[in-house]
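Protein chains in written order, with the numbering used here: chain A, 1 to 226; chain B, 1001 to 1454.
Hints listed in this document are in silico derivations from the structure and should not be mistaken for laboratory results. It cannot be assumed that every hint is accurate.
[What the hints assert, rightly or not] The calculated BS3-like cross-link candidates involving lysine-lysine, where the alpha carbons are at most 27 Å apart (straight line), are:
1. A/K164 / B/K1450
2. A/K164 / B/K1297
3. B/K1270 / A/K161
4. A/K161 / B/K1450
5. A/K161 / B/K1243
6. B/K1295 / A/K161
7. A/K161 / B/K1297
8. A/K170 / B/K1270
9. B/K1243 / B/K1297
10. B/K1010 / B/K1243
11. A/K164 / B/K1243
12. A/K164 / B/K1075
13. A/K164 / B/K1330
14. B/K1075 / B/K1010
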Amino acid sequence: MKQAAPRIPDIIRKSKPFGWILETEAKTILQSYAIPTTRFVWIRERKHIAEQMAALAYPVVCKVVSPRILHKTEVNGVVVGISDEKAVYEVFDRFAGMDGFQGILAEEKVDGTELIVGSKNDAQFGPVVLVGMGGVSVEVYQDIAIRLAPLPAAAALDALKSLKGAELFKGFRGQPAVNLEQVAAVIERFSHLVYDLREDIDSIDCNPVFAGADHVTVADARMLLS
Amino acid sequence: MDLTHIIEPKTIALFGISKTNPNNPANIIYHKNVHRHCTQIFGINPSGGEYHGTPIYRSVADVPGPVDCAVFAIKAEYIPKAMRDCIQAGVKGGLVISGGFAEAGNQGLQDEIAAISRQNHFPIIGPNGLGVYSVPEINTFFFPDERFVKPLKGTIGLASQSGGILVDLMIRFTHEQIGISRALSIGNKAVVDEVEALRFFRDDERTSVIGIYFEGLDPGRGRIFIDEIQKTAKPVVLFKTGKTPASQSAISSHTASMAGDYVVFNEVIKQTEALEVEDEPRFLTACEVLARYGKRKINTAAIITMSGGHGVIASDFCYEQGIHVPPFPKADGRELKSLVSGNIRNIASFVNPIDLTGSAVDGDYLVSTRYALEREDIDCVLLLFLPFIPAITSALPPQLGYLQKLYDKPIVCYVPYLPKFGIFIEGFEMNGIPVTHSIDQAVFMLTAIKRRHI
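Input sequences plus hints: build the corresponding full structure.
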């Protein structure tokens, strides 16, 4: 059952009471700026599981959709490596008992080098974009670069190359090299999103973003409202 | 916003002069300015009378002739009316020395004077600052001259949120023989903030380098600050404090917590030609070397030393800073070897660093420096100068200064500090070669003048 994509102002207005935008809708906003995300379906009702899952290829990741659950992993609201429909039903039934349940997000698994792309409205400088190496690099080493939004792809490329872990983009220990120009082009579009929506969105975390030789894919997205 | 009339006034109206208390800030300002500077100064006090034989005017409207700049050293609550009187009398702008505004919880009063200023095109510097040091026209830093240094005339323009730090910096600059053009104590920066200071100095003919100390920009001023930095061809040195985040979790992967105020500032400034320094000594060093050389292409350096160890340390610092110390080809080294004196020919190293050893004489330094400056693959020269080497004389620094001017490539110099080495240190400084007393600071000089974005 294909639904018309909701308009960004509608999503924002609807999300205001919660202070943040559901991942499904955050990804819809990203897609409207031609920022690729994982292929996903938002299954609101159990009876649509089979029909909606037909659009995806297994294995998939399932996440709880609830405006009351910002940190999904803390409530065991994320299940990875789901390989068949039966398991999707089981996950749906378990998530259905969670606070504010509005369905499940099922998405295809992606691979690649892990990145973080984010933004925030800085008190002094206004909207800024952050890029960094994902995983441990960002959590422990805080290997990040920050630029004013919006920024051209050339500046985004420069930011990516300035990361201490930039060597990893060239292909490391069997990982394919990352198409950095493609990543930079996505960051440019992301920076326009950030700038355009600066009045409403306070910060965005696309984490992780997976990048490879021929793709850049946002796997998780969180948008906090002002 | 034109600040010329309040930074370079011809006439000053001084509010708050006391007939009985000579230590009143306004009285100290009066004494500093009345005889020593070329500006006419008129004391204002509603009770009128005389002070040291000169009339005190009851109102700014009574002052004969036009007034460029009002200096307010009166109670905070009287300032809005005094400003309005000045505007009525055609005064061009003012310096608010008085405290008792936002820093004391009176944000409303500060907003009021800011609004009066903006609505009437009456620029004010302050409140809660020392005002302006801009001789020979004006000096409102309200401490007696005998308790302060006499700053040297130079081309570095300073602006500071903190008056205390500004005074500290001026003392250090003077102690290090570094001259300044003007100093603005912007205090609570109700109207004139870092952005306005930057704009003023950008167009100021007396200023070639802009140095700013600040704790933070006001909300929303960051982008315009960056724009102003991009627009100025003059080097900008920024000393930002208040870097400690209010709260910081050790491990975080959220943009809002990773991109704290200082992290954003630091990252954004790195994208400009402005140089952010981490401490006072580097602020001084950067301002000095930039005033001397401006921004340059600095990719490679020749190191000339009298001690191998010093050369290795300097090479390490250069490597850290991304400045290449290219080894000279063997044939070139042989050429230099043929030029030096016989006593070092077989013991010196000519590769780069050039180690002339403790047996070098003045001539060895001169031929090596000339040789390095002539090389197309060398952008600058770092001298590691050890005055205790027996055959070196005080005639050498002026001759090296001459070579620097001849080739127009930067030379910076490390000289260890002992009072008795002063003759060499002054010899370099007076001949245009900046000196520092640590090797890492000497390499930092090269970093400071390096043009980052071409």
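Hinted pair B/K1243 and B/K1297, Cα distance within 27 Å: 30 Å, violated
27 Å Cα cutoff - pair A/K164, B/K1243: 22 Å, holds
Restraint status (C-alpha distance of B/K1010 to B/K1243 at most 27 Å): 40 Å, violated
Given hint B/K1450 paired with A/K161 - CA-CA distance at most 27 Å: 21 Å, holds
Given hint B/K1330 paired with A/K164 - CA-CA distance at most 27 Å: Violated. A/K164 to B/K1330 sits at ~36 Å, over the 27 Å cutoff.
Distance restraint between B/K1075 and B/K1010, which requires alpha-carbon spacing of 27 Å or less: 25 Å, holds
Given pair status - B/K1270, A/K170, alpha carbons within 27 Å: Given that 27 Å is the threshold and the Cα spacing comes to 25 Å, the pair holds.
A/K164 paired with B/K1450 [C-alpha distance capped at 27 Å]: Within the cut-off at roughly 22 Å; holds.
A/K164 paired with B/K1297 [C-alpha distance capped at 27 Å]: This hinted pair holds, its Cα atoms lying about 25 Å apart.
Pair hint B/K1270 and A/K161, alpha-carbon separation not exceeding 27 Å: 14 Å, holds
Restraint status (C-alpha distance of B/K1295 to A/K161 at most 27 Å): The given pair, whose Cα atoms are some 25 Å apart, holds under the 27 Å limit.
27 Å Cα cutoff - pair A/K161, B/K1243: Holds. A/K161 to B/K1243 sits at ~26 Å (cutoff 27 Å).
Consistency with the previously given hints fails for numbers 9, 10, 12, 13, ordered from lowest to highest.
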